[in-house]
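Chemist: Let the sequences and hints guide you as you build the complete structure.
Chains A and B, in that order, give the protein sequences.
Each residue of the first sequence is one higher than the one before, counting from 1 in the numbering used here.
Each residue of the second sequence is one higher than the one before, counting from 101 in the numbering used here.
Hint data in this document are derived by calculation from the structure and do not stem from the laboratory.
No residue lacks a Cβ here, since even glycine has one placed at the ideal position from N, Cα and C.
Possibly wrong hints are sitting among the right ones.
For each label pair, taking beta carbons as the anchor points, the in silico distance ranges come out as [stated by the list, open to error]: (1) A/D47 <-> B/H415: 31 to 37 Å; (2) B/P414 <-> A/S89: 37 to 43 Å; (3) B/E371 <-> A/H86: 29 to 35 Å; (4) A/T42 <-> B/G155: 45 to 51 Å.
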Amino acid sequence: MTALKNIADKVRSKNAGPFWLTLDVFCGTAEAFARISSGLDTGLVADMFKADPATLKRFDMPELNVVKFSMPRPAVQGTHADRDMHGASFAVLLGEIEIR
Amino acid sequence: MVKVLIPSGALGLGYDRDALARGIAERPDIIAIDGGSTDSGPHYLGTGTSKYSRGSTKAEWAELMAAQAEAGVPLVIGTAGTCGADDAVDWLVDITREIARERGQTLKLAVLKSGQDGDAMAAALEGGRITPLAPAPEISADLLRDCTNIVALAGAEQIQAALDTGADIVIAGRTTDTAIISALPLQRGCHAGGVWHGAKIGECGALATTSPNTGTILIEFDAEGFTITPMGKDARATPRTVSAHMLYENSDPYRLYEPGGYLDVTGAEYEALDDRRVRVTGSEWVVTQPYTVKLEGARRAGFQTVSLVFVRDPHYVENIRAWVDDIHAKCIAKAKARVGGDFQIELRIIGADATLGPLDTNAKPGTELGVMGIVTAETEALSREVAKMLNPYLLHHPLTEQEEMPTFAFPFSPPEMPRGAVYEFCLNHVLALDDPMDVFRLSIEEIGT
Chain A
1 MTALKNIADK VRSKNAGPFW LTLDVFCGTA EAFARISSGL DTGLVADMFK
51 ADPATLKRFD MPELNVVKFS MPRPAVQGTH ADRDMHGASF AVLLGEIEIR
Chain B
101 MVKVLIPSGA LGLGYDRDAL ARGIAERPDI IAIDGGSTDS GPHYLGTGTS
151 KYSRGSTKAE WAELMAAQAE AGVPLVIGTA GTCGADDAVD WLVDITREIA
201 RERGQTLKLA VLKSGQDGDA MAAALEGGRI TPLAPAPEIS ADLLRDCTNI
251 VALAGAEQIQ AALDTGADIV IAGRTTDTAI ISALPLQRGC HAGGVWHGAK
301 IGECGALATT SPNTGTILIE FDAEGFTITP MGKDARATPR TVSAHMLYEN
351 SDPYRLYEPG GYLDVTGAEY EALDDRRVRV TGSEWVVTQP YTVKLEGARR
401 AGFQTVSLVF VRDPHYVENI RAWVDDIHAK CIAKAKARVG GDFQIELRII
451 GADATLGPLD TNAKPGTELG VMGIVTAETE ALSREVAKML NPYLLHHPLT
501 EQEEMPTFAF PFSPPEMPRG AVYEFCLNHV LALDDPMDVF RLSIEEIGT
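Modeler: Here it is in structure tokens:
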């Protein structure tokens, strides 16, 4: 077990409009992609962000060595429950997730 | 072939002047730049104002107007003034008139407005013309009338109508990021899939290259696809930088929904023409019916006052959660008893988990912590009143009755910082139109005379 940030090149999170959050895991190499793609559990990601697994989208993109997640934002952008206007810090949290 | 020059990802972000000059030398057919985004939050749409300073906007816009004059081709800006509301469009129009006067230029200006009337939108909702996207907040006719601003996102058709006037400059209210880039090449018959794909790749300027800060890129559209060439001296576009841009701020990396259809890049092929240019073919545009435009709306969600205090005493740092929870409960009870009304108090612990809140299970607090008190209330006066009731607690509240009265560090006097009205985005919906121009207004004027 190790944290995702120790394997991936970069983890990025961005708003995709005010209602969606999207997280891009840039794995860097085909080897890292294979490890992350198989070892990163979608259920754990949903738990981490308290996301409904039914609306969590996952894209495994070997052509880019990227694993991408999109989900409705934990709080709609700019509402009083939102703490991060640009959604940038969610990437740090995902980077700390354990990879099998 | 149609050449679109994109100076940067947004007006106000800056760009490399040499790169822009190189782009002008390439003899583009149009210069297109984005003027906004929802990414900085609901305040701008809520108030109809710009995020960037007038001074920065005027300085960059004057340079682009000079580039327009030199190139002799139209200059188009979409989502003017950050949010694309009518007031924000008027703000940029005013700056444009001022620059034209100062430069002694006479120009034909087309202005496309995207602002929507609350009553008309309420009627559209009742007429079944507004449908939700996922996830959509619950809406009603009253909510639509309650919005301080609603805008519809124009697509290529509305920008084409503005270009058809023969204007030197087009200032558009809210548009999709891609519409200002795609309008002309679509009109001239370039490959639709290639056009929308190139427009998505180009919408953030040089972000799809190895040197994002250079800003300027040139995209050439043709009958089969598009070619991207960065204008920055050492900037390079590679199949990887270009294809990876479909991920950016996009929930589905293979699909992009636009007015009138969607782009599908599943079959796209990225070819390096040399070490800095990339050619893309194989993208597909799928027409959908009915023709819809996305709506954005913001409404007031109360008034806020913020207080900030810092805690360095190890005893309090160690027990910060109990301290904050106790203050929270006591202050709510006091405010309910003394003033009542609709209010909410939130205390975020800076240095613990202020960034991510309860989602952050790995937080490790340091030697000092800040506590940010946020009071949101139905009126400005109530938010200030409750924030003032919070103050004695943040200053002196003891963890237990048995200990000496503590005092904590306030950086400011007064500690309460009124934030005024706060807004929230309240629409994630589309509006069906019979004709793309139905809810947009186009006007033309001569400026600088």
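Chemist: The structure should be examined with respect to each hint, and the outcome stated for every one.
Modeler: Here is what the structure says about each hint:
no. : hint                         : result
1   : A/D47 <-> B/H415: 31 to 37 Å : 34 Å, holds
2   : B/P414 <-> A/S89: 37 to 43 Å : 27 Å, violated
3   : B/E371 <-> A/H86: 29 to 35 Å : 33 Å, holds
4   : A/T42 <-> B/G155: 45 to 51 Å : 47 Å, holds
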